[in-house]
Amino acid sequence: MTGQVQIPENLSAITRRGVSRIISEAEFTAMLRQGRPLRLKMGFDPSRPDIHLGHVVGLRKLRQMQDLGHQVILIVGDWTAQIGDPSGRSATRTMLTHAEVLENAESYMRQFFKVVDRERTQVEWQSQWFGEFTLANVIELTSRFTVNQFLHREDFANRYADNQPIAITELLYPLMQAYDSVVIESDVEFGGTDQMFNLLVGRELQGMMGQTPQQCFMMPILVGTDGARKMSKSLDNYVALEEPPQDMYGKLMSLPDRLITSYYEYLTDVPDADIAEMQQSMASETANPMDFKKGLARRITAAFHDAGAAESAETHFEQVVQRRDLPDAMPEYRLADIGDLSINRLLTQTGMASSNAEARRLIGQGAVEIIRSSGERVSVAAGDAPALAAGDVLRAGRRRFARVVE
RNA sequence: GGAGGGGUGGGUGAGUGGUUAAAACCACCAGACUGUAAAUCUGGCGCUCUGACGGGCUUCGCAGGUUCGAAUCCUGCCCCCUCCA
50 MTGQVQIPEN
60 LSAITRRGVS
70 RIISEAEFTA
80 MLRQGRPLRL
90 KMGFDPSRPD
100 IHLGHVVGLR
110 KLRQMQDLGH
120 QVILIVGDWT
130 AQIGDPSGRS
140 ATRTMLTHAE
150 VLENAESYMR
160 QFFKVVDRER
170 TQVEWQSQWF
180 GEFTLANVIE
190 LTSRFTVNQF
200 LHREDFANRY
210 ADNQPIAITE
220 LLYPLMQAYD
230 SVVIESDVEF
240 GGTDQMFNLL
250 VGRELQGMMG
260 QTPQQCFMMP
270 ILVGTDGARK
280 MSKSLDNYVA
290 LEEPPQDMYG
300 KLMSLPDRLI
310 TSYYEYLTDV
320 PDADIAEMQQ
330 SMASETANPM
340 DFKKGLARRI
350 TAAFHDAGAA
360 ESAETHFEQV
370 VQRRDLPDAM
380 PEYRLADIGD
390 LSINRLLTQT
400 GMASSNAEAR
410 RLIGQGAVEI
420 IRSSGERVSV
430 AAGDAPALAA
440 GDVLRAGRRR
450 FARVVE
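Heads up, the first sequence is in my numbering, so the first residue is 50 and it goes up one at a time.
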């Protein structure tokens, strides 16, 4: 890699926006001013191949640094994946087959490179060095730290206090991650704030092994669409990068209003001043938060799809959610196949209800109606066998539709 | 090697022989409200039959057993955790 590196005049775009903490900031800015390409480390476990907006906060940082001429080293944690990151405490560890790891890694990278520049990224697999590790290496590595150091880490301390299990392999996790830093001679490692411990162990180990300790660059944790907890797949409050445009747009519109500005800050290039202005006008109630949220949803959808997709997602949202009109596209069923069914059966056959019991409930709660092509809305009662005609639309609740066709 | 605690519906978690399809809370679904969202209120939230009333079936780690009746008692097995050594 050749070293055409720009040194930005104003560092705050890098060191402030979308940043939670840098250890140490002074060293980091000094590194930036050296004018050499820095080696930016980012690791991931191929146990969880899905990237969501929560990850994008960090990926955007990497991209920003790449655009200045720095180099990303992406570590595929094909060994640590087997242990499971103790950060955030779940103790589940599933063993993956080699094939699964490959598949997950591939899927991860496909998404990763939607934000990060592939040209300035070097991909390294942990197995390249851990595959040859011997017990002697393990002992040599573990001998540098004490159990006490590790037990002081918040996750472990809490679990220990609560009599929750801590697997020995979990203690190994930070060490392995740290060793990665040594192998690739990382200058800066990126991670969420929940990664602080792991990042610091890397920094420390490098120092012990005669390298310049890496800088630890921590990004804020993005709050999920539920407005309460960290965005994560398991909490089902996430927006995936591979989300279809309508869903991506819709999920972003379901954000609580108070998260709008943080999403702008972490996930878009909208200038700080503009964001401050939005904040201001929402606080003084001179603007409707919905409009800013739409702008956000449009930008993000466009970023991961394209402007056209974002626009039609918005149209769909306005049509279906705001005006409660019918969507343009919906699943279609042939009259010949469903014409004779009772309303209950119709709902289950079309997948609009997951069981007959569910269908009954929906009907009983007044969620179901038939919309004729004339626009006439016909309400139904359980057990009815409505006379359907081509062009009729069956609706269950806000979002479930089916159209009858010839 | 020894002692103890535990496995309940998507999650947390109550329940120690019938009144328990199983409290409560969260999540979720629907309705009302609504300029998105939030908040609030109402209803729902195993499967199945029924327009409804109501019925049937399956469920509390797994397999057996006791009993008119078991998530609750007994036996065996599997799994998890803590402590002592």
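Keep in mind that the hints are not guaranteed to be accurate.
[Stated by the list, open to error] DSBU-like, lysine-lysine: derived pairs with alpha carbons at most 30 Å apart: (1) Lys-163 x Lys-300; (2) Lys-279 x Lys-343; (3) Lys-282 x Lys-343.
[Said to hold, decoys possible] Pair by pair, the computed Cβ-Cβ distance ranges are: (4) Glu-367 x Thr-195: 56 to 64 Å; (5) Ser-333 x Pro-376: 48 to 56 Å; (6) Asp-323 x Arg-409: 48 to 56 Å; (7) Ser-333 x Arg-66: 42 to 50 Å; (8) Phe-162 x Arg-307: 15 to 23 Å.
Rather than coming from a laboratory, the hints here were simulated on the basis of the structure. Glycine is no exception: its CB is placed at the ideal position from the N, C-alpha and C atoms.
The hints, checked one at a time:
For the proposed pair Lys-163 and Lys-300, the alpha carbon gap of about 20 Å is at most 30 Å, so the pair holds. Restraint check for Lys-279 and Lys-343: satisfied, since their Cα atoms lie roughly 22 Å apart, inside the 30 Å limit. Among the hinted pairs, Lys-282 with Lys-343 is consistent with the structure: their alpha-carbon atoms are about 23 Å apart, no more than 30 Å. Separation of Glu-367 from Thr-195 is about 60 Å and conforms to the stated range, judged on CB atoms against 56 to 64 Å.
Range check, Ser-333 to Pro-376: about 36 Å between beta-carbon atoms, so the 48 to 56 Å window is missed. Here the CB-CB span from Asp-323 to Arg-409 is close to 51 Å, well matched to the stated 48 to 56 Å. The hint said 42 to 50 Å for the Cβ distance between Ser-333 and Arg-66, and at roughly 24 Å that hint is violated. In this structure, Phe-162 and Arg-307 break the distance hint of 15 to 23 Å, their C-beta atoms being roughly 32 Å apart.
Checked against the numbered hints given earlier, this structure breaks hints 5, 7 and 8; the rest are met.
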